[in-house]
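As given, the protein sequences belong to chains R and W, one line each in that order.
Here the first sequence is numbered in numbering that gives the first Met the number 0, starting from 0 and rising by one per residue.
Here the second sequence is numbered in numbering that gives the first Met the number 0, starting from 0 and rising by one per residue.
It is possible that some hints are incorrect.
Beta-carbon label-pair distances, calculated as ranges [claimed, not checked]:
no., chain 1, residue 1, chain 2, residue 2, range
1, W, S309, R, N414, 41 to 49 Å
2, R, E270, W, E299, 37 to 45 Å
3, W, K113, R, N309, 57 to 65 Å
4, W, S205, R, G158, 34 to 42 Å
5, W, R203, R, R398, 32 to 40 Å
6, R, T282, W, S205, 51 to 59 Å
7, W, N229, R, N414, 39 to 47 Å
8, W, V284, R, T401, 54 to 62 Å
9, W, R203, R, D209, 53 to 61 Å
10, R, T282, W, K44, 30 to 38 Å
Beyond 10 Å from chain R on every Cβ pair, some chain W residues (computed) [stated by the list, open to error]:
no., residue
11, K64
12, R300
13, L333
Hints were generated in silico from the structure; no laboratory data involved.
It should be emphasised that the depicted structure is a prediction, and the values quoted were computed from it without experimental measurement.
C-beta atoms are modelled at their ideal positions from N, C-alpha and C, and glycine is treated no differently.
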Amino acid sequence: MEKEGGKNLKVLMLGWELPPFFAGGVGVVCYHLSRALCEQGLDITYVMPFGPTMARSDYMKVMVTDHLFPKMRFRLKEVDSLLGAYLTPEDYDEEFRKYLMSLSPKERAKALYGPNVFQEAYLFARKVRLIAMQEDFDIIHAHDHWTFPAAIAAKEATGKPLVVHVHITEFDKTGGASVNQRVYDMEREGMYAADLVIVVSNFIKQRLIDNYGVPEWKIRVVHNAAEPMDKSIFHDASKIKETDKIVLFIGRITLQKGPDYFVEAAKKVLEKDPNVKFIMAGTGDMLPRIIERVAELGIADRFIFPGFVNREEVAKLNKIADVFVMPSVSEPFGIVPLEAMWQETPAIISRQSGVSEVLNHVLKVDFWDISDIASKILALLHYRSLHDQIKHHGSLEVRTLTWEGPAKKCIEVYNELINKGM
Amino acid sequence: MVSVCFYFQVHQPFRLRKYSVFDIGNNSEYFDEYKNKEVIKKVAKKCYLPTNKLLLKLIRKHKGKFNVSFSLSGVVLEQFEMYAPEVLHSFKELARTGFLNETYYHSLSFLFDKEEFKEQVMLHKQKIKDLFGQEAKVFRNTELIYNNELANFVQGLGYKIILAEGADHILGWRSPNFIYIPKTAENMRLMLKNYKLSDDIAFRFSNKGWIEYPLTVDKYAQWISRANGNGYVVNLFMDYETFGEHQWEDTGIFEFLEHLPKEILKHPDNNFVTVSEAADRYDPVAELDIHHFMSWADIERDLSAWLGNSLQNAAANELYRIGRLVKEAGNPKLLEKWRKLTTSDHFYYMCIKWFSDGDVHKYFNPYDTPYEGFIAFMNVLNDIVIRVRDIKKQKKAVAKQKQEAYTHQADTSSFAHSFISEHPSENLLDIDFTKK
């Protein structure tokens, strides 16, 4: 990437997680996007919170020895912090309590971390400000809201243009029912301070216009791509498959992901075809309610709840499933169906998702239309030619969605700002 | 001397509802009445009524020097009768034009079931005769699908002229502007679409990226006159919906049509003919040997728009397999519903070529994806199988009663001799839908 003056474009990237520590899609997106940007010749300094939570998962060590990033264009800056991905204010309180408990009473008096997640975000910002003043870069690119105060601090300290990248908003996480005002304020502050805002879909673009008052001219849509996966993975499910077909749900069991619609649709499927097993992988606050509902409907023997699954298990489940379903109520993008398509499993996805904007070879449903979801599950399980056709074209389609595309679009956004002389 | 031969295709399918798996066995309303009515009303207003009015005016004005030909599918005529009788009336006013025959249901039946094909052609012949008082000598198969075998078969049905696409791959150096003889039907005449000049109007007229844009009548008339010396008749075959629906009124398509006859007739050697007038007037120049099926659709000009992927093939094979069961069941209402499913559009909706090849298919597709089209269609077929079984059960019960009354009488129920497997094929759902 040549820019004026012949130097490489340098990006200060602010994120909060990277694989293999796996909490959700955003870390995966940051990882692949950063890597693709490096491959395009950009230099990236990736700054992320680094706290006890992650240290416990042996996270950073793995990253540092990761040789996937070409020519050392990627440098990792760890900032000691308790911030983590998908952290709710309540989760933070719990982490902070654990942290305090781990300290002796004497140590507690000079605790390293802020007493709540908001203060912690501002502590993180202070540290990032110092890094920003030492580092050489052309542009700041910050991912989702906990890094926004830090991004603003970096911008104020250096005068460099700021791009914030919105993967999800408080409205999507809560279904709009219980929006946390302080989270909302932090999100909006970042969007307003940014010179341009990247969003992962038109779906979320509309959200920013409607719920955050961000002007349309400021928003650029950069759809995510698919993570290349190991197709050779094998799992023996022949015992289950002797009698049953498998329908799969993977995701956090939270309101946003529509697990309740999955269960109701399953009930309708089983009324017509009892030889189906439903696997719901993931955990979340709705899990107890979902298990209760499954029992109430008298279909508990048709359900498997494996709990939290790691990357390899995700691949295995996708491999053995006959149909994958993502009934999300509100999905800014949604990379999980792409993983199913990599393993040649046909996907049924909610129209209320960003990923439905880029996929053709899937079946699309409205999340609330359980009858349509059930009808399409049955069609995929029973119409051989339909299953084969979607499986074939879907697996080809997902392979065309490489990260090179999004990376190039991000570079266009950077250049837009740099050429504007910002 | 150049004759211009316009033939317009008029057709609208009975579109299916989004018929779900849960409708199977519970709901025998397959067609989306609301949507079909809405489409007929919309296209009537934008295209059929204004274009008919204009053509009638032009025919009267040019006193016999301007004429056109139409083919109206049986299913569009039925929908006019139900939803827009004023359109039917205005076509009747155009009765001096030439009306062609085709399959009543605008179907691909020739490819799957020749008996059914013949029955559909006869149904259409009767319908045209009843409505317009014409006995057509000209046959056009659905989407101009054509080969030697078809020409021969249609000759056997008494037709004198047949239409086809003037596709490059069969014509080679030859011109579509002559009359030909099908290799396998020496008494027939074959007329070929001049696709370049036809598509200039049908597809390119409003394309601002086209080097010839805007298309004026004098420019177009010059192109027509150029055929002089290289043929007798320029066959302009196109969907009637070109006027006002595919090319909207604001593109100037109606002004173009209005002024075209006058401009072409300025040249004293030029005239307009109907399809049968053209074949009467000019002698054939050569025999054409067309073994493989061709059509007027897409760039490929083959069958791939309807039978190009495994979904389409599975659906079509299942449809015609079930057709035999339906006929055995002998219920006219069910047969009629089944026949509406033979309309080629249902298969066109399942085409996945358009994901890469532009949006022509998508524009006409009532479903979000071709997969949804397949699901609705297959669900309906599943329901038909259930209806057939019900009818069969009833008949058996009746037959049994009779048998009890006349114990020595042989069982003459047609099902006793059925040669079709009653086992569901892999394309049908192996589910008991009667279970509530």
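Comparing the hints with the structure gives:
S309(W) and N414(R) have their C-beta atoms about 45 Å apart, which keeps the hinted 41 to 49 Å range intact. For E270(R) paired with E299(W), a C-beta distance near 43 Å keeps the hint of 37 to 45 Å intact. In this structure, K113(W) and N309(R) meet the distance hint of 57 to 65 Å, their C-beta atoms being roughly 60 Å apart. Taken as a hint, the range 34 to 42 Å is violated for the pair S205(W) and G158(R), whose Cβ atoms sit roughly 51 Å apart.
A beta carbon spacing of about 35 Å between R203(W) and R398(R) agrees with the range 32 to 40 Å that was offered as a hint. Restraint check, T282(R) to S205(W): a C-beta distance of roughly 56 Å satisfies the suggested window 51 to 59 Å. Judged by the Cβ atoms, the range 39 to 47 Å given for N229(W) and N414(R) is violated: they are separated by roughly 55 Å. The hint said 54 to 62 Å for the Cβ distance between V284(W) and T401(R), and at roughly 55 Å that hint holds.
A C-beta distance of roughly 41 Å is found between R203(W) and D209(R), which places it outside the suggested range of 53 to 61 Å. For T282(R) and K44(W), the Cβ-Cβ distance of about 57 Å falls outside the hinted range of 30 to 38 Å, so the restraint is violated. A cut-off of 10 Å between C-beta atoms confirms that K64(W) is not in contact with chain R; the least separation is 50 Å. Every beta carbon of chain R lies more than 10 Å from that of R300(W), the smallest distance being close to 24 Å; the non-interface claim holds.
Look at L333(W): its CB is around 22 Å from the nearest CB on chain R, clear of 10 Å, so calling it non-interface holds up.
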